[in-house]
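Generate coordinates for the entire structure from the input sequences, incorporating the hints supplied.
Chains as they are written, first to last, in the numbering used here: chain A, 1 to 499; chain B, 1 to 499.
One or more hints might be untrue.
To be verified - Straight-line distance between alpha carbons at most 27 Å, and here's what the computed DSS-like set of lysine-lysine pairs gives:
hint	chain 1	residue 1	chain 2	residue 2
1	B	Lys254	A	Lys104
2	B	Lys352	A	Lys59
3	A	Lys259	B	Lys352
4	B	Lys59	A	Lys352
As the list claims (entries may be wrong) - Computed list of chain A residues with no C-beta within reach of chain B, every gap over 12 Å:
hint	residue
5	Thr61
6	Gln241
7	Glu315
Said to hold, decoys possible - Partial pick of chain A residues on the chain B-facing surface, computed with a CB cut under 8 Å:
hint	residue
8	Ala66
9	Pro69
10	Phe71
11	Val91
12	Ile131
13	Met135
It is worth saying that the hints were derived from the structure and are not from the lab. C-beta atoms are modelled at their ideal positions from N, C-alpha and C, and glycine is treated no differently.
There are 2 protein chains.
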Amino acid sequence: MAQAKKITPRAHDYSEWYNDVIMQAELADHSPVRGCMVIRPHGYRIWELMQRALDDMFKATGHQNAYFPLFIPMSFLAKEAEHVEGFAKEVALVTHTRLMATGKAGAQALMPDPASALEEPLVVRPTSETIIYAMFAKWIQSYRDLPLLMNQWCNIVRWELRTRLFLRTTEFLWQEGHTAHATEPEAEAEARRMLGVYRTFQEQWMAMPVITGRKTDSEKFAGAVRTYALEGLMQDNKALQAGTSHNLGQNFAKAFQVKYQTAPGGLDYVWNTSWGVTTRMIGGLVMTHSDDNGLVCPPKLAPVQVVIVPIWKSEEERGQASGVGGRVKTELEQAGIRVELDLRDNMKPGAKYFEWEAKGVPLRLEIGPRDVAAGQAMAARRTGGKAPIKLDGLARTVAGVLEEIQTGLFAAARERPEAHSVRGVTKQQFIEFMKGAGGGGFAYGGFCGSGGCEAEIKQETGATVRVLPDPEFRSAEAPTTCMWCGKPSVAEAVWAQAY
Amino acid sequence: MAQAKKITPRAHDYSEWYNDVIMQAELADHSPVRGCMVIRPHGYRIWELMQRALDDMFKATGHQNAYFPLFIPMSFLAKEAEHVEGFAKEVALVTHTRLMATGKAGAQALMPDPASALEEPLVVRPTSETIIYAMFAKWIQSYRDLPLLMNQWCNIVRWELRTRLFLRTTEFLWQEGHTAHATEPEAEAEARRMLGVYRTFQEQWMAMPVITGRKTDSEKFAGAVRTYALEGLMQDNKALQAGTSHNLGQNFAKAFQVKYQTAPGGLDYVWNTSWGVTTRMIGGLVMTHSDDNGLVCPPKLAPVQVVIVPIWKSEEERGQASGVGGRVKTELEQAGIRVELDLRDNMKPGAKYFEWEAKGVPLRLEIGPRDVAAGQAMAARRTGGKAPIKLDGLARTVAGVLEEIQTGLFAAARERPEAHSVRGVTKQQFIEFMKGAGGGGFAYGGFCGSGGCEAEIKQETGATVRVLPDPEFRSAEAPTTCMWCGKPSVAEAVWAQAY
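The structure is reproduced here in structure tokens:
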């Protein structure tokens, strides 16, 4: 495969660093298709681990998986006015269904066969509310059918002009939950519950701290009544929206005639929610923990949690170290730990360390002749620190170390947003914070709620309201005036420049 | 949800029966998008269980999952001549990326924005050889990078004119394995190995007997050197192609310049294989086991393996039966059994039985007042038979019963193709077999290898060569002449009418 290459230091060029980390860790690669990436096995394994953890949580909260069509009739999109407005400029449209050859034999090219033009073009799903609620209308008759709690794992296409690996790609993978409820409060509770599920996952699995709250009208999902979001702060002090959960009210139910017979015998529209997280989270994971040596992956989501590198000079040493390595591997595997034994004989140990570090493996066990003799392995943590551990009771020790690394990563990650947040800012402080040498971060301040202020702030500083934060994230003292225009504040807001 | 409806008996209309079983079991539903279906939770759960089992087998044989783009540049398809020929007439083409409103305000419709026309249309993947081997060319440099063993789980689009739930849909879900090897024998061994993996899965998990063998040139994959397939015989004596594995030779490697440095230092093209199974297998599962009461699902792939139905008349009885039911549920869950406790109070037990039978649940445990008193449950098998089992040691007993049902289904399913096969047929016998009242099946006979005979046979009887069978499926006596034209036979062939 590709030769190991030096990773651009963060301080030199953050954006290049990000790409280098991904390419060196072989998480993803650029494809020949504009804006589309290839998720390579190491990156896809992270996604599988994310899927498994989230899917278990979805099922534990009563959701069932299903699969809905990739294609959506163009007219469906138009049924919810805000929705089509939001997506019309970024949809891939299927218009033909056959290719034909054109040009002379020997120099033939292909073109869409005009005779195969579709009567109604099909939209490649940019999200599936419309097609899913059209089906809900068929399945839901009575209050006994509610709540209907569904989820699908699938690919999504939004025609993006500026793309970046994982963070913004024309095609991406995600899950989208879609639910229908008998009452508004139930839908609201569901939207909040799933926001909580995401937060638990992002904190406990990704070790990525997030703040949660509500989006302003200008940032909410096209067609939603209310959008809730999770926002992480990356190492360059830009915010990453890491997931959203929408209370859709009856907007789509009315557009798609999703009605149900109420318990007393009346007829009402259902109340919907939708919520999703995407492969973008892998970008968030990369930017939350990694360093100038490459990927740092929290153990719970690491494709390889432990790599064993036997060290030898003679053939005899090789046999011994490999033998011990093999036994250690089996023992760790039996304890449910994801482990690799690196027996490649065309690479020096140092080159192996370099490669596994770039791939983010949390713990490396080096086993050399002296370790074999002493009944130990040298344990080097990806996050720093190296110490011998006894082979006796190794699996338990390693499990403990992995847990420490997981906890340690979260603790370290929590410090950054706190160190790069300002509260109760004035307009002047805000501008300096966003445009100054510190490089921005989360700015908490009063907000009048006007779209005019939002637009001005974005124009002048590039910052947007990330969320109107949930109570636990709010400042001790509620702001009384809009930090920008000075009018009365309707809510505290958190601004940041964002991905 | 929809009211339970009578299922059309197989003898009355097999095709209607098939649809009824799927709709009643809520496996899938028709969508508003031509040829696309919705896979409902009960059907999707079967797919998830299939995925899990197959994915474990793929990983155990050294394969890694990855994800490649949905879109393929039109020109890529053209690089392998047979490949484009095979798929040109059934591809969905993306030509535009924005919608615009047309017509007057208030009566607006949408149309693709002509200004957003793509320079090169994109093909929605009908299979991914071209895009994947374009990436392999980037990743493979040396013999040390080989074999490269990848797989992806994804959606696929082939524009089909006549569609049927699961069996043939415009969009379907599948996995496609793609591998690159240093030598021809290694690629051949891989193609055969994965055929074996599929066979193990289909026999041991789906309880569906299959015959394996090679496809004739007219039936092989567009671009392959050799295609191997698995063929099952459905209850209507039509064959279902249940999976394929292709030795692609160097065809795609040459088209996409996938070269590697050999160990001695030369340069050669790699040897590729690809192999896939799809959601079509769910259709095969339905047609292999189900009856006029609905779905029969082999326990290993049943979303619900056991349903507990407490029976009560008084509130006191209700409390007791539900209490016991709850404890039984917990015990079975702890033993890793997928179980539901049906406590709905708006349905009579008989209606519940009817519903769970239609959904294919292998085992029903009825717990009434007398059962509570006797410390037992009545165990009714979906495949027939009802007997009390002791609550003491229940989980172990139930696990045993489920295993018996699994084994019994496979044994029963094995009898059918044997009873509906003829060997060493003459032309006249063949025609009578295929067109007669018996309704066809597998016909084994000599084959001259000519496409002319294949075309004539198809024209006259609707039958095609399903496979040139592997040794273990061949007749004891090798045929010497083509059963159709009388010329020397080059191989025994298995013909059938097919889905």
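Hints, verified against the model:
1. B:Lys254 - A:Lys104: holds, 23 Å
2. B:Lys352 - A:Lys59: Since the Cα atoms of Lys352 of chain B and Lys59 of chain A sit roughly 23 Å apart, the hinted pair holds (cutoff 27 Å).
3. A:Lys259 - B:Lys352: At roughly 26 Å apart (the allowed maximum being 27 Å), Lys352 of chain B and Lys259 of chain A satisfy the hint.
4. B:Lys59 - A:Lys352: Holds, because 23 Å separates the two Cα atoms, which is no more than 27 Å.
5. Thr61: holds, 15 Å
6. Gln241: Since the minimum Cβ distance to chain B is about 22 Å, Gln241 of chain A lies beyond 12 Å and the statement holds.
7. Glu315: It holds; Glu315 of chain A is separated from chain B by about 21 Å at its closest Cβ, greater than 12 Å.
8. Ala66: holds, 5 Å
9. Pro69: Holds, because the Cβ-Cβ distance from Pro69 of chain A to chain B comes to roughly 4 Å (cut-off 8 Å).
10. Phe71: Holds, about 5 Å.
11. Val91: Hint holds; Val91 of chain A Cβ to chain B Cβ min 6 Å, cut 8 Å.
12. Ile131: holds, 7 Å
13. Met135: Since chain B brings a Cβ to about 6 Å from Met135 of chain A, closer than 8 Å, the hint holds.
Of the numbered hints given earlier, the model fails none.
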